[in-house]
Amino acid sequence: EPSDGASDDSSSAPVEDGAYVTVVKATGIGWFDRMEVGVDEWAAETGLDARQEGPAEATNEGQVSIIQDLIAQKPVAITVVPNDLAGLESVLAQAREAGIIVVSHEAVGIENVDIDIEAFENKAYGAQIMENLGECTGGTGQYVQMVGRLTNGSHSEWIQGAYDLQQAEFPDMVRVEDPIESEENEEVAYNKAKEILAKYPDIAGFQGSAGTDVVGIARAVEEAGKSDSVCVMGTSIPSVGGSYLESGAIDKIFFWDPALAGKAQLAIARILADGGTIEEGTDLGIPGYESLVKLAGADNAFAGNAGVAVDLSNVADYDF
Amino acid sequence: MNGTRGALSEMNGRVDNAFSAAIDRIHVAHGVGRMALLLVVTFGFFAVLRPEIFLNSVNLQNIGIAAPEIGVLALALMLAMLTGGIDLSVVSIANGAAITVSSIYTHFATTQGADAAASMTPLVLLAGLAVGALLGAVNGVLISMVGITPILATLGTMQVFNGLALVWTGGVTISGAPAALRSLGSTAVAGVPVLALVLLVAAALVAVLVNRTPIGRKVQLQGANPVASTYSGISKRATLMTTYVTSGLLAGVAGLMFLARNPSASADYGSSYVLLVIVIVVLGGTNPNGGSATVLGVLLAAVTLQVVSSGFTALRLSAYEYAIAQGVILVGVMVLDQVKFRRRRGRRAMSGTAAPEPATSAPTH
Amino acid sequence: MTVTATPVLEVRDIVKTYGGVHALDGVSLSLAPGEVHCLAGENGSGKSTLIKIISGVERADSGAITIDGTTHGHLTPNEAIRSGVQVIYQDFSLFPNLSAAENIAMLSELAERRVLSSRSRIRAAAQRVVDDLGLSLDLDAEVERLSVADRQLIAICRALVNDAKVLIMDEPTTALTYSEVQRLFVIVRRLQQRGVAIVFVSHKLDEVLAISQRLTVLRNGRVVESGDASGYTRRAVSKAMTGRDVSETRLVNDVAPDAPQLLEVEHLSRAGGFDDVSFALRAGEILGITGLLGSGRSEIAEAVFGINPADSGRILVQGKPRRIASIHDAVDAGIGYVPEDRLTQGLFLDIPIAENMVAASLDAYRTRFGLLDRRRIRRSIADLFGRLRIQAPNSSAVVRSLSGGNAQRVVLAKWLDRKPAILLLNGPTVGVDVGSKEEIVTILREQAAAGMGIVVISDDIPELVSCCHRILIIHDGHVVAELAGDDIDADEIQRRMAA
Amino acid sequence: MTARLARLRGPNNEGLLLAVIVLVVIAMSLASPAFFTAGTFFALVRSSMVPLIFALGVLLVLISGGVDVSFPAIAIFAAYTTVTLFMDGSGGTALVIFAVAMLIGAGLGMLNGVVIARFRLPTLIVTLGTQGIFKGVLIAYIGSAYISAGDLPSAITEASDRHLVDVAGGGYLHFLIVPVVVIVLLVAAMLKWTVFGRSIYAIGGDTEAARRVGIRVVRTQVWLYMLVGALAAFGGVVYVILGKNANPQSLVGTELDIIAAVVLGGASIFGGRGSVGGTVLGVVLVQLINNNLVLVGIPSTWQRAAVGVLLLLGVSIQAFAATRGRSRPVAVQKEVAA
Ligand SMILES: Nc1ncnc2c1ncn2[C@@H]1O[C@H](COP(=O)(O)OP(=O)(O)OP(=O)(O)O)[C@@H](O)[C@H]1O
Ligand SMILES: Nc1ncnc2c1ncn2[C@@H]1O[C@H](COP(=O)(O)OP(=O)(O)OP(=O)(O)O)[C@@H](O)[C@H]1O
Ligand SMILES: [Mg+2]
Ligand SMILES: [Mg+2]
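As given, the protein sequences belong to chains A, B, C and D, one line each in that order.
Numbering (the numbering used here) for the first sequence: 1 to 320.
Numbering (the numbering used here) for the second sequence: 1 to 365.
Numbering (the numbering used here) for the third sequence: 1 to 499.
Numbering (the numbering used here) for the fourth sequence: 1 to 338.
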């Protein structure tokens with residue numbers, strides 16, 4: 001590796017200002033607003049300077065430039081939820097060279113981080129969704145999977161996990177289309193769901209990945225008067241999918257609390273900052289992250305058990 | 001009321017004298033002066049507020065690393081705007097080039113091994129640039145031969161190129177780039193990042209092309225008044241093709257810069273650059289109706305926005321506050337500028353009725 | 001006419017500066033009802049500027065305008081129109097994207113402060129004026145698709161659509177030929193009877209003297225003379241305008257008998273344009289082509305220059321048959337063309353004079369390294385700038401700020417710098433003042449003497465007479481006569497054209 | 001003969017566009033039996049409603065000689081702000097909500113208009129700036145929370161479920177189609193039969209000439225942009241009603257597609273030309289393409305490319321026709337120098 005201009009004169013870098021910064025995919029989105037709640041709580045609890053930042057649109061270049069700027073501020077740690085794993089490697093490497101601790105989330109397989117923390121193992125999570133979807137459809141019928149973006153890593157892992165499970169346990173179910181892209185846009189999800197309903201009148205199930213997918217799908221299903229015959233499940237949060245759980249158009253939503261995930265990242269960063277280490281079984285003292293499991297394949301990835309499944313019965317317990 | 005208007009117009013008259021005189025002396029588009037000023041002001045502003053962060057060499061270098069790719073894209077768009085057109089596909093083309101290089105390289109690396117691949121580096125990079133030029137040529141054909149309005153043609157190709165990239169990569173971000181390229185992204189000569197030097201070289205070449213070569217001048221004339229340039233024997237086809245191929249080539253260079261900064265390529269990188277680059281080019285003093293543009297102005301604009309962006313992070317302001325600032329700067333600069341040149345403008349508004357768009361009087365878009 | 005009657009329009013001490021230029025420098029003028037008042041002056045003397053100030057389009061730096069007793073420091077276009085001022089602008093100021101009818105009637109619709117606009121009403125209003133003028137115009141055609149002449153007629157119609165107290169005509173006849181002008185004059189006289197005061201600007205001095213009662217001459221933004229028109233002759237007016245004697249006498253230096261054929265046009269035809277046109281042009285020769293509006297004279301030039309290639313026939317340049325399918329081909333073949341529509345087709349208005357001058361010859365300045373040889377460019381610009389006596393602060397001023405005559409010289413310069421073997425000029429002195437006209441004609445003579453072949457398409461007969469070796473007369477698409485030597489005579493041409 | 005063809009093609013190639021649409025429909029019907037159904041038709045109508053309203057705004061600006069990219073920002077700003085105002089169940093009938101939103105929209109539009117007209121700035125640039133400002137202010141200072149069906153003002157959720165026609169199998173015609181159609185007709189009428197409408201064409205044709213015939217350019221433009229702002233806001237509320245949610249992140253980013261649809265509809269980005277009829281067709285074509293790719297079985301990875309290709313095809317046909325029609329410069333030159 002040729003000498004990095006940045007590190008040459010890191011001597012002139014400012015004394016660290018003790019900050020912990022969480023860089024999210026994008027600001028102004030319900031999901032990450034919730035994560036910010038966690039970040040702020042954590043700051044309050046620990047009395048440390050923690051804050052959240054993110055680009056206006058969920059783009060790789062946006063995150064790169066923020067992290068690049070942060071390096072100059074030399075915070076203690078940067079925790080990041082990448083839009084594009086590979087796309088962040090270089091800048092994260094620079095951050096670590098500059099002596100900044102880097103923790104990531106939703107980024108299994110990313111290299112230049114100290115620790116990657118997952119709410120759960122992605123494939124298992126996808127499988128869990130398919131378990132429920134299979135039950136709901138009675139293990140038979142056509143179904144379709146939707147992703148926010150075809151370029152979204154975790155989304156593809158979820159649907160892959162789900163698909164594998166379906167192949168293994170619900171041989172009578174058929175995925176009638178390749179995963180469909182909703183462009184993270186509810187209106188698009190709605191229109192594509194409508195097309196599916198027209199093309200496959202006796203479709204039995206939908207799996208959504210982006211938080212708004214299931215909502216768009218649910219609207220289409222509801223309008224088609226098929227709320228009962230079609231099972232709609234996938235990732236979303238109560239504040240977004242709730243009303244359709246009540247109407248019955250959505251059967252079950254799956255998620256993990258972004259606030260807790262935010263806290264978990266920071267907690268790990270702090271442990272590392274204090275010279276500690278993360279191993280199998282580490283307890284972060286955060287619900288769902290009491291006993292971390294090391295993920296196979298990657299040497300820096302750990303998962304909690306923070307996945308939640310919510311249906312009509314328990315939707316009331318969540319206020320986000 | 002008439003009185004006030006009279007007085008006002010008199011004052012305006014005097015202001016006008018001063019200005020038009022100045023303008024006649026340096027008829028360089030006024031993008032340069034105002035941008036230089038704005039750059040100094042913003043820089044000073046942040047330097048005073050958060051010196052320890054902002055003036056920190058790391059931060060300054062970051063600006064020098066982040067600005068170039070945007071700068072080169074801006075140059076690409078500037079050329080299109082110079083002809084009175086626009087090129088919305090620059091980012092897609094850049095990604096196309098990046099993906100080409102990355103895939104070819106990784107292919108060799110896996111088949112012939114890393115060393116063989118490394119030795120192929122020059123060819124691989126050329127392939128990337130070639131793809132850039134080729135995609136640019138597609139725009140050129142659609143615009144100059146099929147006769148589609150640039151905004152539509154490039155909006156379409158933007159989607160097509162992006163879509164094809166998606167098909168090619170299957171949506172996953174592909175990793176891997178020639179080591180030589182990667183090292184470029186992280187080396188600095190005398191504290192100046194190599195990428196910044198690349199931008200400067202590209203800018204210089206574009207400046208020469210536009211101002212010092214016959215075809216460059218023709219491109220300008222084409223933008224200033226298409227009818228008159230046809231009547232002067234200037235071939236519309238030649239100028240437009242040159243413009244969009246060059247623009248594609250520059251986009252290709254930007255694509256290589258993407259890779260240099262980070263050895264991975266995806267169909268979706270830089271989607272937020274499309275509008276940003278338009279803002280930069282116009283701030284840089286390019287006339288959206290074509291006919292005039294200054295490379296230096298565009299460079300300054302690119303750097304200025306980068307300064308503001310990292311300044312805002314230094315001040316811990318949000319991305320949306322930056323978006324607001326960007327809008328305010330754009331509108332503010334245009335308005336100030338217009339207040340100064342108002343009277344001249346008013347006058348300029350006497351021209352041939354039949355004049356085609358770029359030549360018509362008061363520009364309203 | 002009663003000059004003593006209370007003036008309907010009075011302007012006092014109008015000053016207007018553009019940048020350094022004093023466009024108007026304390027101009028005063030008064031206009032009595034029912035008089036035709038002619039504004040004369042060289043290009044750039046300030047006529048149009050004065051008019052724009054009266055019509056509220058531009059603001060005077062100082063001075064006052066009194067219309068019907070009410071004095072305004074500054075008018076908006078609205079106020080001017082409402083107080084009865086109607087203008088035919090030199091640049092027409094029409095809407096290229098609207099129908100002729102709407103262009104004509106829009107003004108009255110606005111003046112009547114209407115909310116709804118009715119096609120039929122507009123059509124009717126427009127038709128009325130057109131019939132009044134005895135014109136045949138396609139009222140539904142988009143103006144963009146009409147000829148310059150038609151546009152000028154529409155501009156005239158628009159000014160007549162709602163009855164004005166003051167009618168200002170800024171070079172209303174530049175694109176018109178004899179017959180249309182005569183018809184316009186009939187209208188003008190009729191309006192005069194109705195007591196409308198008329199300001200008439202034209203560089204065609206015969207017209208000026210024929211129609212006006214009073215005459216005011218501007219020079220460099222100042223009134224140099226004002227008086228009863230009957231007291232003036234062509235000579236006197238041009239002298240007043242230019243401050244010198246302007247000769248319009250026929251002067252042609254004879255062509256060497258062995259001069260090579262530069263251009264041979266054989267049996268050229270284009271459907272709807274012209275039919276079986278043949279002529280030849282020798283080095284050093286100036287060939288005039290004239291004819292009535294729509295006779296097809298411009299179309300012939302356009303075919304030769306590749307704008308609208310001919311359907312059949314041959315074009316030989318310097319003896320070699322050339323396929324001219326586009327302007328590019330024509331220019332390559334060594335043909336230059338000074339178009340009729342200067343502003344749109346000839347000039348890059350917002351670009352410096354210097355860059356306009358080399359626009360057609362950039363490739364000639366390529367150095368070994370493919371770059372432009374800027375020293376050589378600067379030299380040729382300086383040379384042309386001087387040779388064509390272009391009046392402008394310097395060669396980096398934008399063309400838009402030039403007056404008609406000087407703008408036309410820039411177009412000429414553009415082609416002279418390219419040094420084509422053949423130069424076609426379509427209405428080269430349209431809207432150009434007598435002084436400049438003489439100088440431009442002189443330049444053409446010089447070029448011819450230097451061996452260039454020149455074709456002048458024009459309906460300014462005195463001009464043709466003064467410089468052409470031969471004159472072709474076109475009548476609906478055919479060459480009906482070719483005059484040469486002593487047969488060339490204004491009245492003769494007049495007669496043949498009408499025939 | 002050619003004259004008749006020209007008439008068929010329409011002043012802005014509307015006829016041609018119609019032909020293209022018919023072709024696409026035929027192609028899609030062949031590709032998928034499920035395509036040619038009432039359901040698809042109603043879905044098309046529904047998905048065209050919001051883009052159509054936006055397109056009208058874009059059309060007006062294009063005709064006046066500008067290019068507006070701020071309308072989605074205005075739309076979501078106005079709609080979202082209004083929703084938050086009426087969220088706490090504090091009354092607010094659908095009418096009131098529309099009115100308030102359109103007032104806000106007009107306000108933002110006025111901002112655009114004043115800057116553009118008084119200072120004579122290029123619309124594209126000004127709106128590029130204001131767009132960032134509007135969206136920034138909305139999310140930084142007004143709210144970024146996703147408001148789901150449950151929390152929307154009751155007036156809106158009720159409106160969401162009001163259909164004119166319901167067909168078995170899920171097709172339906174939303175009642176908002178009525179006001180949408182009315183607005184389309186009103187705008188068409190305004191452009192054709194009001195002096196204001198004609199003034200917009202005039203300004204787009206030649207601004208200076210417009211001043212000279214006494215059009216109050218500044219005033220007209222300010223009114224125009226207020227109108228466009230109000231239209232955008234209306235579209236925003238319709239979007240919220242149809243989508244049954246208010247998401248400040250939505251809409252922004254769709255501007256280029258809408259502009260493309262309008263230009264496809266024959267409007268000239270150089271100003272002075274464009275028709276409501278063409279715009280409707282343009283929007284329909286784009287929606288037709290966007291919303292039936294899955295149905296006709298285009299693999300999802302290919303869909304982005306497909307949209308682009310079809311757009312280019314549509315425009316190419318337009319361009320070819322145009323080269324034989326008016327917009328061909330040489331043709332113009334010929335006339336000019338006749
Ligand atoms: N040629 C010009 N030069 C400089 N400024 C001009 C010119 N024309 C118009 N303006 C400015 O733009 C404003 C708009 O003029 P215009 O008459 O076109 O619109 P308007 O609505 O009639 O204006 P108002 O409402 O003040 O009468 C004018 O008031 C003036 O301030
Ligand atoms: N928009 C402008 N900017 C700068 N200077 C101008 C402008 N318009 C006119 N001028 C200058 O004002 C002077 C008067 O111009 P004007 O058009 O009134 O002359 P004119 O008498 O109408 O000439 P012509 O007979 O060619 O029409 C000229 O010197 C011209 O260069
Ligand atoms: Mg004049
Ligand atoms: Mg006014």
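Rather than coming from a laboratory, the hints here were simulated on the basis of the structure.
Computed from a prediction, not measured in an experiment: that's the story for all the values here.
We treat Cβ as the ideally placed atom computed from N, Cα and C, and that holds for glycine.
Any given hint could be a false lead.
Straight-line distance between alpha carbons at most 30 Å, and here's what the computed DSSO-like set of lysine-lysine pairs gives [what the hints assert, rightly or not]:
no., chain 1, residue 1, chain 2, residue 2
1, C, K165, B, K236
2, A, K123, A, K294
3, C, K239, B, K236
4, C, K204, C, K165
5, C, K204, C, K239
6, C, K320, C, K204
Reference excerpt, derived from the structure (chain A facing chain B, CB under 8 Å, subset only) [to be verified]:
no., residue
7, T27
8, V91
9, G138
- Enumerated hints in conflict with the structure, sorted upward: 1, 3, 6, 9
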